[in-house]
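Asks: Place chain B on chain X using the hints.
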Amino acid sequence: MSKKPTTKKTAARKPAARSKKPKVDSWKRADGRSFDELRPLKIESGVLPNADGSAYIEMGRNKILCGVFGPREMHPKHNAKPNEAVLRCRYHMAPFSVDPRRSPAPSRRDQEISMVMRSALEPAVFLDRYPRASIDVYIEVLEADGGTRCASINAASVALVDAGIPMKDLVAACAVGKIDDKIIVDLGDYEDKKGQSDMPVAYMPKLGKVTLLQMDGIMTAEENERALNLAIDGCKKVYEVQREALKKKYGIDQPQDKPPKEFPPEEPTEEPPVEEGHQ
Amino acid sequence: MLNMSANFQDREIVIPGDVVYEGKIRTGENTYRDQDHVYATRLGLVNYSPDNVYVVALSAGYTPLVGDVVIGQVVDIDLGEWKIDIGAQDLAVMGIPDAVDRPFRTEFNMTRVLNIGDTMIAKIVDIDRRRTVILSILGQGLGWVNEGFLMHITPSKIPRLIGKKGSMINMIIRETGCRVAIGQNGRILISGPNREREEMVVKTVTKIEQEAHTSGLTNRTQEYLRQLKERSR
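If you read the protein sequences in the order shown, they are chains X and B. Take the first sequence: its letter number 140 is residue 149 in the numbering used here, and every next letter is one higher. Take the second sequence: its letter number 221 is residue 608 in the numbering used here, and every next letter is one higher.
FYI, nobody ran anything at the bench for these hints, they're computed from the structure. Any given hint could be a false lead.
[Unchecked claim] Computed footprint of chain X on chain B; a stretch qualifies when at least three of its residues, placed anywhere within it, have a C-beta under 8 Å from a C-beta of chain X:
(1) 396–409
(2) 421–431
(3) 444–452
(4) 473–481
[To be verified] Pairs of lysine to any residue, SDA-like flavour, derived with a Cα cap of 25 Å:
(5) Lys-86/X x Thr-519/B
(6) Lys-177/X x Ile-412/B
(7) Lys-218/X x Lys-246/X
(8) Lys-257/X x Gln-597/B
(9) Lys-256/X x Thr-414/B
(10) Lys-257/X x Glu-596/B
(11) Lys-590/B x Gly-55/X
[As the list claims (entries may be wrong)] Quick list of simulated restraints, FRET-style, between CB atoms:
(12) Val-462/B x Phe-44/X: 54 to 60 Å
(13) Pro-580/B x Arg-70/X: 50 to 56 Å
(14) Glu-583/B x Arg-118/X: 50 to 56 Å
(15) His-87/X x Gly-482/B: 25 to 31 Å
(16) Lys-51/X x Arg-413/B: 36 to 42 Å
(17) Ser-43/X x Val-462/B: 54 to 60 Å
(18) Gly-526/B x Pro-104/X: 50 to 56 Å
(19) Met-538/B x Lys-37/X: 54 to 60 Å
(20) Leu-222/X x Thr-498/B: 53 to 59 Å
(21) Val-532/B x Pro-115/X: 40 to 46 Å
(22) Ser-436/B x Lys-218/X: 27 to 33 Å
Predicted, not measured: the structure shown is a model, and the values here were computed from it. We put the beta carbon where it would ideally sit given N, CA and C, even for glycine.
In isolation and in its complexed conformation, chain B is listed as follows:
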């Protein structure tokens, strides 16, 4: 049985309940310890580093973190705050000072800034005691978006889509000439010169999502994009 061996190979797939390590080690993400055993809590790829063990989840919901840039939609407007769906467990909120950078006036109309159904790129500035996510659209690259193609992938695969120091996403942008904004919550906003180019990005991102756990992906993706471009010509 697998659980009798001390551990798995690096980057091997594990399932909740698998003993990924026996003995003393720091437990990283998606693992838990029970006495001397470290178990996986999610389906994913186990990674061993010298001082800890963690599992990169293959499917996981979005857990908000302060500093994340996310793409959300306004679902409701309350007194002095917008309620925004970012695909997390609860709705996020954004107050007026986080949306407009000027003094508050009584005649201020919130729907002028963001109306229900509007999409925006926002940054998580805080998560309060009740775990409510507080967003802001003040900052470079943030704010209301009025055009583009919105798609969704598993949030745990976003790092793969970005690649090392953005190598993957920059390559996609270079090859297609589209503007691509990535939210850490798994939503991706694509706007390009024409529909064809946008769909090219969608296809590529879908492919990356499906093959996120394989290696040599950046090169293969580049090849794939070139093929798509050849075909469209």
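Extracted from the complex, chain X is given alone in its bound form:
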């Protein structure tokens, strides 16, 4: 994994697209993106009718489905906390999600990502509103292409909002890394494996708080800072897509496009739950 900074030998092994001498302007990534460009990102919310909330994300070639259940009674009951809800995450990769078939049994990596996702999402959720309950987040990776943990966090936070769970903010996540001594954002599978360093970051854009920061490989302190800023910019871009995904489900146009005409006073507004009228 840990590669020494590029030597002639490694440069010779690189695919044609990147075999050019790394010059700032001509340098291109394996898939032709620029250093601060995200992969194509698509999020859809409310895709699973049987879950309380759900989301589907395509981030590059990642395809991930997320379902949220709860707040519901915790089973087994002794795991419940008397003062707040427990957020449980289960990250799972489908056997067909990667090229050599993968065992469907949960691996150490799955456990780690489940834990990491939980701690990335927890600061955004008002867990204290639901004592003794559990909120379950199930992640199923249908196709993996590097950066699944970030994509999973993105899907999970949309699904949590879709489930109507009170949140402080959305959590957007995106990875940064170093390849050919260049800092790049949103690493694909190739960059993830062949790069010098990899750093997933989850960020709450409206509150300006980082909720996940992991790093693998080698970066200098200065590079690290640059990378973090790049990641935060990436997260903000992801956030806009998440926002649109949530709004799209309700088919609401921004009032800028459709001015208040649509909201005349004649219509009864949403009123407080009056004594209901069952006959």
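Replies: Here is chain B on its own, set in the frame of chain X:
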């Protein structure tokens, strides 16, 4: 950026984390305050009234409140109490005195009143210290139900289905001739003269749920119902 402006337009959609108001104001439902900023906590429509700001959630689970009429199902029978699923976080309970209005006798058989799997319309009479919901079926319009069509919508859209002073639901009842009981927990019990009429209500309610955030809904729903009736004729 949106969060730089002081607030949104009335009835504009907001997302958790959006700053819906800056400055001093009372925070209504689905909002929270951090110093001078009021944030939304749920996806919904922001509403500004002169003294507070609140968000009408577009999707939210059911939070029980004392006085709510709910539709539930018996899932278990314990010693002297029924455990009832009302779609909230925990099961609700109902004791014998809340179910039968006569003196308790030793030979009393709880399954005679309500058996596991039975559906009922009940009222929340209390929420105790552990947030356990206590139900009662004593009262007008409450009790065991033996027929009908049960459907489910997002609880936060129930007020819309009822309409102002029941205008929407009364209109549906008038147009279809079905009996419709609405639980605040999002469950709706429909029983009508025939299956066709019941399905008409189901379609209408589904439409209301989808369009709950739009305006002019009562009139449009009436139009929609008339169309359905035309087609069935």
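Asks: Evaluate each hint against the coordinates.
Replies: Now the hints, each set against the structure:
With a threshold of 8 Å between beta carbons, the proposed coverage of the stretch 396–409 of chain B by chain X holds, since 10 of its residues qualify and at least three are required. For the stretch 421–431 of chain B, the assignment as covered by chain X holds, since 4 residues bring a beta-carbon within under 8 Å of that chain's beta-carbons and 3 suffice. Counting residues of the stretch 444–452 of chain B whose C-beta sits closer than 8 Å to any C-beta of chain X gives 6, which meets the bar of three, so the coverage hint holds. Coverage of the stretch 473–481 of chain B by chain X holds [criterion: at least 3 residues with CB-CB distance below 8 Å; count 3].
A C-alpha spacing of about 15 Å is found between Lys-86/X and Thr-519/B, which places the hinted pair at or below 25 Å, so the restraint holds. For the hint pairing Lys-177/X with Ile-412/B, the CA-to-CA distance comes to about 18 Å; that is within 25 Å, so the pair holds. Distance hint between Lys-218/X and Lys-246/X is fulfilled; the C-alpha atoms sit about 15 Å from each other, no more than 25 Å. Straight-line distance between C-alpha atoms of Lys-257/X and Gln-597/B comes to about 13 Å, which keeps the hinted pair within the 25 Å bound.
Our distance criterion of 25 Å between C-alpha atoms is met by Lys-256/X and Thr-414/B, whose separation comes to about 23 Å. For a cut-off of 25 Å, the pair hint linking Lys-257/X to Glu-596/B stands: about 16 Å separates their Cα positions. A C-alpha spacing of about 20 Å is found between Lys-590/B and Gly-55/X, which places the hinted pair at or below 25 Å, so the restraint holds. Between Val-462/B and Phe-44/X, the C-beta spacing of about 56 Å keeps the proposed range 54 to 60 Å intact.
As the Cβ distance of Pro-580/B to Arg-70/X is approximately 55 Å, the hint placing it in 50 to 56 Å holds. For Glu-583/B and Arg-118/X, the Cβ-Cβ distance of about 55 Å falls inside the hinted range of 50 to 56 Å, so the restraint holds. In this structure, His-87/X and Gly-482/B meet the distance hint of 25 to 31 Å, their C-beta atoms being roughly 26 Å apart. Range check, Lys-51/X to Arg-413/B: Cβ separation about 39 Å, and the 36 to 42 Å hint holds.
Restraint check, Ser-43/X to Val-462/B: a C-beta distance of roughly 57 Å satisfies the suggested window 54 to 60 Å. Taken as a hint, the range 50 to 56 Å holds for the pair Gly-526/B and Pro-104/X, whose Cβ atoms sit roughly 55 Å apart. Remark: the range hint 54 to 60 Å for Met-538/B to Lys-37/X is upheld by a beta-carbon distance near 55 Å. In this structure, Leu-222/X and Thr-498/B meet the distance hint of 53 to 59 Å, their C-beta atoms being roughly 57 Å apart.
At roughly 43 Å, the beta carbons of Val-532/B and Pro-115/X sit within the given window of 40 to 46 Å. Separation of Ser-436/B from Lys-218/X is about 31 Å and conforms to the stated range, judged on CB atoms against 27 to 33 Å.
The structure agrees with every numbered hint stated previously.
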